[in-house]
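Use the sequences and the hints to build the structure in full.
Protein chains in written order, with numbering that gives the first Met the number 0: chain A, 0 to 587; chain B, 0 to 340.
To be clear, the hints were calculated from the coordinates, so they are not data collected in a lab.
Take the hints with a grain of salt, since some may be wrong.
As the list claims (entries may be wrong) - Below, simulated DMTMM-like cross-link-like pairs (lysine to aspartate or glutamate); rule was C-alpha separation at most 25 Å, straight line:
| hint | chain 1 | residue 1 | chain 2 | residue 2 |
| --- | --- | --- | --- | --- |
| 1 | A | 466 | B | 56 |
| 2 | A | 159 | A | 518 |
| 3 | A | 219 | A | 259 |
| 4 | B | 35 | A | 425 |
| 5 | A | 49 | A | 259 |
| 6 | A | 159 | B | 56 |
| 7 | A | 501 | B | 42 |
| 8 | A | 224 | B | 95 |
| 9 | A | 419 | A | 448 |
| 10 | A | 224 | B | 87 |
| 11 | A | 412 | A | 448 |
| 12 | A | 501 | A | 470 |
| 13 | A | 460 | B | 68 |
| 14 | B | 62 | A | 62 |
| 15 | A | 501 | B | 56 |
| 16 | A | 170 | B | 56 |
| 17 | A | 313 | B | 185 |
| 18 | A | 159 | A | 470 |
| 19 | B | 51 | A | 483 |
| 20 | A | 224 | B | 68 |
What the hints assert, rightly or not - Over the 10 Å line for every Cβ pair with chain B, so calculated as not near, a few chain A residues:
| hint | residue |
| --- | --- |
| 21 | 109 |
| 22 | 134 |
| 23 | 242 |
| 24 | 412 |
| 25 | 431 |
| 26 | 465 |
| 27 | 470 |
| 28 | 497 |
Claimed, not checked - What the simulated footprint calls covered on chain A by chain B, stretch by stretch (three residues with Cβ under 8 Å from a Cβ of chain B suffice, anywhere in the stretch; the number is not a length):
| hint | region |
| --- | --- |
| 29 | 141-150 |
| 30 | 153-160 |
| 31 | 210-222 |
| 32 | 267-276 |
| 33 | 282-294 |
Where is the CB? At the ideal position from N, CA and C, for every residue including glycine.
Each chain is listed here by its residues.
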Amino acid sequence: MKKIRPIAALAAGLVATTGLAACGGGSGGSNKGAGYNAATDKVINQSDKKGGTLRFAISDDFDSPDPGNTYYAWSQNFVRLYGRGLLTFKPAAGSESNQVVPDLAQGPGTPSDGGKTWTYKLRSGVKYDDGTPVTSKDVKYAVERSNFTDELQLGPKYFKAYLQDNTPAYKGPYKDKSPQGLKSIETPDDSTVIFHLSKPFSEFDYLVGMAQTIPVPQAKDKGLKYEQAIVSSGPYKIDSYQRGKSMTLSRNPNWDPSTDPIRKALPDRIELQLKQSGDDIDNRLLAGSLDVDAAGVGVQSGTQGKLLSDQTKKANTDNPLQGYLRFASMNLHVAPLDNVHCRRAVQYATDKVAMQSAYGGPLAGGDVATTILPPSIVGYTKFDKYPQKYKQGGGLDDSTLAQAKSELQQCGKPTGFKTKISARSDRPKEVAMAQAMQQGLKQVGIQTEIVQYPAGDYFNKYVGAPKFVHDNGVGIMLMAWSADWPTGYGFLSQILDGRAIKPSGGNNLPEENNQKINDLFDQAIGNTDKEARAKIYGQIDQMAMDDAVDIPIIYAKALLYRPPNVTNVGITQGYGGMYDYLNMGVKK
Amino acid sequence: MPRIVFAYLIRRLIGAVIMLLIVSVVVFGIFFGIPKLVGQTNDQLAASFVGKAPTAEAIAQTKHRLNLDKPIWVQYGKWIQGVVAGQDFNNGPSKEHCSAPCFGYSFKNNQAVLPQLEDRAPATLSLAAGAAIIWLLSGVATGILSALKRGSIWDRAAMVIALAGVSLPIYFTGLLSMQIFSYNLDVLPGGGSYVPFSQNPGTWFQSLILPWITLAFLYAATYARLTRAGMLETLGEDYIRTARAKGLAERAVIAKHALRSTLTPILTVFGMDLGLLLGGAVLTEHTFGIPGLGQLSIDGIVGNDLPVVLGVTLVAALFIVVANLIVDLLYAVIDPRVRLG
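The structure is reproduced here in structure tokens:
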């Protein structure tokens with residue numbers, strides 16, 4: 000499929016240039032768009048009108064639609080139509096959508112024992128689509144099966160990492176048939192569930208906000224085949240799911256809106272077509288025969304021009320942050336980058352604007368970044384430690400280059416030095432970024448060689464393996480990072496905490512192991528005060544930038560199209576800058 | 000005569016089984032051998048069936064579950080065993096049995112491979128059969144007309160269109176045809192509208208019109224050129240002159256004498272094209288969102304899904320064997336000089 004893409008994009012571009020696309024107004028033609036970027040910070044086309052069919056399509060398939068066995072962001076967003084976890088992201092747009100709100104639970108978790116014990120009370124009257132009541136035991140079972148079995152391996156394993164384990168280690172409900180199961184999840188009654196963690200963790204509400212707390216009755220669990228027979232606790236039930244083809248949802252007659260204050264459940268029917276051509280999805284969105292591209296990662300490059308050149312169409316687009324940072328890490332053990340001044344010289348001499356253009360420009364690539372935390376993450380603090388100036392026609396200004404040279408002087412390498420830049424060989428845009436970086440660094444005498452490794456093994460075998468990096472002298476490594484939950488801890492802990500350094504498969508590429516930063520992570524996650532935590536994340540970001548270990552390049556963005564007939568449209572940052580699928584409806 | 004044909008068929012059948020076995024060994028070898036040459040380990044292979052940032056424990060469990068921790072010949076043996084005697088599959092809380100012939104379970108979606116092939120074959124067959132009829136009829140007809148009116152405007156136009164057909168890729172003609180006929184004129188359904196024949200024959204037909212034509216356009220061109228060249232050559236033969244000289248009607252000369260010998264090589268090409276059609280169907284299915292074998296094969300290859308890749312490859316090989324067999328049998332019908340045996 001990857002092979003087809005560029006040519007298909009070219010073909011789509013040709014279709015556009017023949018002018019045939021110009022009259023593709025479609026069914027929603029009479030509606031005026033709400034405006035460019037209108038849905039990035041508020042929910043637009045607000046409506047309570049029920050009925051109709053909401054049509055999704057995607058070029059991929061689920062990893063699994065089983066809420067316990069899925070990791071994809073769009074899938075976590077989508078499964079909430081047929082499942083209710085303890086908490087979920089607030090159906091809102093902009094920064095509000097970063098908060099988790101009670102869903103199956105009555106309220107957020109009550110921490111005790113210094114943040115090591117979390118208690119949730121379930122709402123009463125919630126039923127499955129077969130009419131049986133949801134109990135706390137089903138939540139416990141759902142967490143056990145999704146985190147502790149050999150079979151379900153596609154989802155996150157945070158509960159396994161943070162919950163106290165049995166002695167001997169718990170083997171999951173398929174092997175361990177004992178009635179108490181995992182002892183650190185207690186269910187004293189049918190509406191209470193208590194989690195015991197091995198260490199304080201103040202952001203536990205974000206973990207239970209993931210789809211894995213969507214209840215599964217043990218009697219209905221079919222393991223790997225559960226994805227074909229999912230029990231619904233949400234407003235919709237699954238009529239059919241066919242791998243690589245489609246999923247259709249219809250109303251769950253046993254869903255009671257009085258138990259569910261956050262869902263509107265507007266459409267009567269929801270269709271999701273899988274494995275559709277990406278270019279055809281865009282054409283159908285524009286023609287009005289499709290409502291949402293479920294992937295939420297933006298239109299194809301051939302479609303971008305079509306949308307931006309036409310003011311009416313542009314008024315139906317959003318260009319949100321995708322919660323991603325593209326950046327370059329410098330390894331602290333590869334000389335001469337073990338010297339902070341040499342790292343700072345690279346910070347100044349990196350032509351971020353050229354790299355941004357290489358990745359697709361401000362719209363499809365993103366904004367030039369100066370911090371490690373993207374602006375859509377809780378804890379983002381705006382600052383710029385290594386301010387750069389650019390010349391009119393492009394390229395770094397002489398004053399910025401002079402600053403880079405002065406850092407080189409302090410590093411003892413006044414004429415520059417040699418190192419390597421790594422990029423993923425099967426990501427042509429990343430390779431193009433490496434080339435742009437190489438050109439910039441050359442201006443101050445830093446000579447670089449670009450080394451390429453396959454994406455599949457990038458972290459397991461190459462840049463994520465410290466020994467490989469040291470042996471091969473890979474000083475600068477390009478990568479991208481997003482968080483599993485949108486806070487500073489979720490974003491930074493895997494890439495800056497010294498304890499996240501692994502012999503292979505790690506993501507702390509610089510091998511940053513600053514005791515002060517490590518301590519701040521512990522302080523933050525043990526602190527139940529949200530504001531205080533957010534402040535610490537900003538501090539960690541600043542300290543890492545003082546150490547100059549990572550060069551932020553771009554805060555990733557994408558161009559999304561919303562047909563004007565779709566209602567309650569807002570960008571959720573909880574799932575990384577895509578439309579929130581919880582309350583969407585269609586105008587007739 | 001029937002006994003000879005029967006013996007012939009048996010021989011061909013045995014040959015086909017041996018060929019399919021060889022194909023399966025080769026696919027196994029390529030799947031495991033080539034990635035190893037560039038340094039891929041079984042851990043990395045297993046990691047593609049685990050979620051983001053997997054732990055070493057998760058990889059080890061998955062490797063064990065999919066038998067990737069066993070030597071290749073053991074894995075191949077287990078696969079053959081499944082084909083001959085069936086196999087059990089562990090879903091977690093329960094086991095299920097897949098009876099022989101069992102072509103294994105997908106690494107990616109944990110479903111038995113054979114039902115997936117059976118499920119998707121009708122879409123590909125619908126696409127292939129319809130397109131083949133269209134390209135054969137239109138290609139041969141265009142070729143004959145071009146040959147008879149050689150050098151005319153009609154001939155030149157037909158050959159230019161034929162050239163366009165060979166050179167334009169399906170993802171261009173497919174997207175363009177949908178843009179015009181589905182999204183602008185709204186006369187035919189667009190992408191993703193395929194439904195099985197058994198569900199709604201009317202929609203099935205409508206949704207396949209554009210894919211059929213798009214796919215047929217690619218092949219019709221070759222057939223038009225082939226027919227034209229063949230006809231021109233045949234029409235210059237002595238026996239055609241003789242036929243004309245003995246006063247046969249021109250229609251009979253063309254239809255009975257010239258076309259018949261022109262068709263023999265075309266039939267050969269047709270048999271091979273039909274067998275190899277899976278390749279063309281991949282792009283058509285992708286462009287139009289038709290859930291057929293072509294899409295399954297892409298997903299299998301992209302997803303390192305060996306059992307699915309094996310299944311699709313074997314079906315494709317079977318396709319070629321059967322198509323060639325049919326062509327060989329048809330030779331005997333068209334050309335009386337050909338004898339089976």
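What hints, given by number in increasing order, does this structure fail?
-> Hints 18 and 23 contradicted; others consistent.
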